[in-house]
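Asks: Spelled out, the chains give:
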Amino acid sequence: MLNILVCIKQVLDPDAPVSSFKINNLGKNIIAPPGTMPVLNPFDENALEAALKIKDVQDVKITVLSMGHNLAKPVFLKAVASGADEVIIIDDPSFESTENSSFQNLDSFTTASVLAEAIKKHNKYDIILCGRQAADTDAGLVGPGVAEILGIPLITMAKKIEVARDKLRIEQITSDGYNVLEAALPVLITVGNEMGDLRYPSTKNLMAAKKKKPVVWQAADFNINVLSLTKIEVVDMHIPVKKVDCKMIEAPSPEEKATKLAMQLSQDGVI
Amino acid sequence: MGKGVMLYCEIHEDCLAKIAAELASVGRKIADELGEELQAVLIGSGGVKAFAQELVFLGADKVLVIDDPAFASYQPDAYVEAMENVIKDISPAILLFGHNEAGRDLAPRLGFKFKAGVMLDCIKVEVEIATRKLYMTHPVYGSKVNTRFKAKTEGLLIASIRAKSNEPAESLETRSGEIIERSETVAVSIGQVQIIEQVKEEVAGVKLEEAGVIVSGGRGMQGPEGFEILKKLARVLGGEKGGAIGGSRAAIDNGWLPNKLQVGLTGKIVSPSIYIAVGISGAMQHIAGCLTSKTIIAINKDPEAPIFNISNYGVVGNWEDIVPALTEKCEALQ
Numbered sequence: 001m002l003n004i005l006v007c008i009k010q011v012l013d014p015d016a017p018v019s020s021f022k023i024n025n026l027g028k029n030i031i032a033p034p035g036t037m038p039v040l041n042p043f044d045e046n047a048l049e050a051a052l053k054i055k056d057v058q059d060v061k062i063t064v065l066s067m068g069h070n071l072a073k074p075v076f077l078k079a080v081a082s083g084a085d086e087v088i089i090i091d092d093p094s095f096e097s098t099e100n101s102s103f104q105n106l107d108s109f110t111t112a113s114v115l116a117e118a119i120k121k122h123n124k125y126d127i128i129l130c131g132r133q134a135a136d137t138d139a140g141l142v143g144p145g146v147a148e149i150l151g152i153p154l155i156t157m158a159k160k161i162e163v164a165r166d167k168l169r170i171e172q173i174t175s176d177g178y179n180v181l182e183a184a185l186p187v188l189i190t191v192g193n194e195m196g197d198l199r200y201p202s203t204k205n206l207m208a209a210k211k212k213k214p215v216v217w218q219a220a221d222f223n224i225n226v227l228s229l230t231k232i233e234v235v236d237m238h239i240p241v242k243k244v245d246c247k248m249i250e251a252p253s254p255e256e257k258a259t260k261l262a263m264q265l266s267q268d269g270v271i
Numbered sequence: 272m273g274k275g276v277m278l279y280c281e282i283h284e285d286c287l288a289k290i291a292a293e294l295a296s297v298g299r300k301i302a303d304e305l306g307e308e309l310q311a312v313l314i315g316s317g318g319v320k321a322f323a324q325e326l327v328f329l330g331a332d333k334v335l336v337i338d339d340p341a342f343a344s345y346q347p348d349a350y351v352e353a354m355e356n357v358i359k360d361i362s363p364a365i366l367l368f369g370h371n372e373a374g375r376d377l378a379p380r381l382g383f384k385f386k387a388g389v390m391l392d393c394i395k396v397e398v399e400i401a402t403r404k405l406y407m408t409h410p411v412y413g414s415k416v417n418t419r420f421k422a423k424t425e426g427l428l429i430a431s432i433r434a435k436s437n438e439p440a441e442s443l444e445t446r447s448g449e450i451i452e453r454s455e456t457v458a459v460s461i462g463q464v465q466i467i468e469q470v471k472e473e474v475a476g477v478k479l480e481e482a483g484v485i486v487s488g489g490r491g492m493q494g495p496e497g498f499e500i501l502k503k504l505a506r507v508l509g510g511e512k513g514g515a516i517g518g519s520r521a522a523i524d525n526g527w528l529p530n531k532l533q534v535g536l537t538g539k540i541v542s543p544s545i546y547i548a549v550g551i552s553g554a555m556q557h558i559a560g561c562l563t564s565k566t567i568i569a570i571n572k573d574p575e576a577p578i579f580n581i582s583n584y585g586v587v588g589n590w591e592d593i594v595p596a597l598t599e600k601c602e603a604l605q
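Quick mapping for you: the protein sequence lines, in order, are chains A and B. Count the first sequence with the numbering used here and you get residues 1 to 271, in order. Count the second sequence with the numbering used here and you get residues 272 to 605, in order.
No lab work stands behind these hints, which were simulated from the structure alone. Be careful, since some hints might not be right.
Stated by the list, open to error - Lysine-lysine pairs mimicking DSS-like chemistry, simulated, CA-CA at most 25 Å apart: (1) LYS423/B with LYS231/A; (2) LYS572/B with LYS260/A; (3) LYS120/A with LYS386/B; (4) LYS73/A with LYS61/A; (5) LYS121/A with LYS384/B; (6) LYS242/A with LYS423/B; (7) LYS231/A with LYS274/B; (8) LYS55/A with LYS231/A; (9) LYS386/B with LYS231/A; (10) LYS572/B with LYS247/A; (11) LYS22/A with LYS289/B; (12) LYS243/A with LYS471/B; (13) LYS502/B with LYS478/B; (14) LYS565/B with LYS289/B; (15) LYS242/A with LYS395/B; (16) LYS61/A with LYS167/A; (17) LYS247/A with LYS421/B; (18) LYS274/B with LYS28/A; (19) LYS421/B with LYS28/A; (20) LYS384/B with LYS124/A; (21) LYS320/B with LYS167/A; (22) LYS212/A with LYS121/A; (23) LYS159/A with LYS386/B; (24) LYS503/B with LYS260/A.
As the list claims (entries may be wrong) - Part of the chain B face toward chain A, derived, beta carbon under 8 Å: (25) ARG380; (26) PRO410; (27) GLY413; (28) THR418; (29) GLN465; (30) ILE466; (31) ILE467; (32) GLU472; (33) ILE500; (34) GLY526; (35) TRP527; (36) ASN530; (37) MET555; (38) GLY585.
No residue lacks a Cβ here, since even glycine has one placed at the ideal position from N, Cα and C.
Turn these sequences into a full structure, and let the hints guide you.
Replies: Now the structure itself:
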């Protein structure tokens, strides 16, 4: 039986429109647009799907780990209903709420350290899966950081994972195509959208998920002072506004629009 | 305490990787402002030294050349070990990578190994003259918000730089510098990760990152067939050597185009003279990939599509009607 750990993060909906974002007075934090529901980081959904694809063909136990305060019920349910066997949350008073902690108290170094400690405490893993980056910070450091702290091999950007006895065959995205890699266990793998969308849970699994509860550990139990670990801090934030005057090409028919555009581009020296 | 700026440079297909010139411009400025040296490290197998002079012309005071069969292709364990030794010997204050495979893989590993401050995908890395502190600008929330970061502690800083976010350094043959051959024999002969095969997905024509004209299709294409029409437009405007097609994430996720043609935050960052977005709504993650294009033209049937906010020219309508006619007209104008 393979033990798979999937690290997930709850984030502000990355599809929320820019116009709804507000920067707080001190310029160091984003204020969530009213009514925005937090979601499971989309790349972590891909990581969960990667675990489920392995579960499709062999015996695995999937444990989901998440560091944060108050994991939203829908996020928890989604993880469990999709096929996670258990969810472990690592909590700490300094984590406050998702949007504050992502930028103020925590940085990737801290998150990776805490997750690594939790993983050491859990002590049962063959494969650790992480999304390539969190859709709020877009940092891309926690996965590699956890691998480095645990001292296990790391493979970034996997699009396919196959298990063959005690080795993995992995297809890794490159700028030109992909590499085929072979890795021994244990290993930490990061994934992106190329792995595939998280499948919809069955109604049966959704109902069963409602009866489950997460296991909660306190970061303080790991004997690390969370706040002392941070290496990077926010100076300020701003929403860039690109002022472009868009020449909208108007004409009665599509063909005339095309002609007008071509003429305009030629006139303006673009073509 | 570390001193100086170090650039991690690569050789791709017998050329110095283009991003090296962008790293050199960022690195040279920082080095000058700190009054320190700019060094570059070049790792590969066979004829690596030949590329070192170019790095001197781009502004490096010293270039470390590591040439050994162990580094024939990017094998993570071997490269990490080599770079670990370099960092221990040279002790730079800041190490800059391009934000590419090495930036996403090697930079974080080294960062955690050295307990350094790390920031990936920076559009700017600058010195605050008064304090000599380095400020890194990294866009967050899918490239919607620019955030400036700085290190809380002293010590090594590692940053990866987003392609096309900085002007490339000028290559000046009047510059001089030292080229140092460095031998590295890595202890890892058989890594725990083996490369079995390297597959290149052949796509005819020019690479996206180098194309002068790119016509990209998104969800509005509704299938793979329409991309042939986009290809025609790209060829008319850019020629065989200069025109390419690309796609938004939707086009790739739907399997209409191979991964390597994805334009966006988690795909390729492109900067052509002409970028035409067809049936692409304009999510920030996509725009981040094409924003530095000289001229952006959008064709979309939705007049409210956010793509029009960042385009120079916009046409509302069905691409099936507009693109073929546009191709014809542009061809006639040539």
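Asks: Can the restraint linking LYS242/A and LYS423/B be considered satisfied, given a maximum Cα separation of 25 Å?
Replies: 31 Å, violated
Asks: Straight-line Cα separation of LYS231/A and LYS274/B no greater than 25 Å?
Replies: 19 Å, holds
Asks: Hint GLY526/B vs chain A: min CB-CB distance below 8 Å?
Replies: 11 Å, violated
Asks: Does the structure keep LYS247/A and LYS421/B at a Cα separation of 25 Å or less?
Replies: 40 Å, violated
Asks: Check the hint pairing LYS61/A with LYS167/A against an upper bound of 25 Å on the C-alpha distance.
Replies: 17 Å, holds
Asks: Does LYS384/B lie within 25 Å of LYS121/A when you go C-alpha to C-alpha?
Replies: 21 Å, holds
Asks: Using the nearest Cβ pair, does GLY585/B come within less than 8 Å of chain A?
Replies: 5 Å, holds
Asks: LYS572/B and LYS247/A: Cα distance at most 25 Å?
Replies: 16 Å, holds
Asks: Was the hint right that MET555/B lines chain A, CB cutoff 8 Å?
Replies: 6 Å, holds
Asks: Measure nothing beyond the straight line between the CA atoms of LYS243/A and LYS471/B; if it is 25 Å or shorter, mark the hint as holding.
Replies: With Cα atoms ~39 Å apart, LYS243/A and LYS471/B exceed 25 Å; violated.
Asks: Is LYS320/B within 25 Å of LYS167/A, Cα to Cα?
Replies: Not satisfied, since the Cα-Cα distance of roughly 38 Å exceeds 25 Å.
Asks: Per the CB criterion, is ASN530/B less than 8 Å away from chain A?
Replies: 6 Å, holds
The structure fails hints 6, 8, 11, 12, 17, 18, 21, 23, 33, 34 and 35 (numbered hints given earlier, in ascending order).
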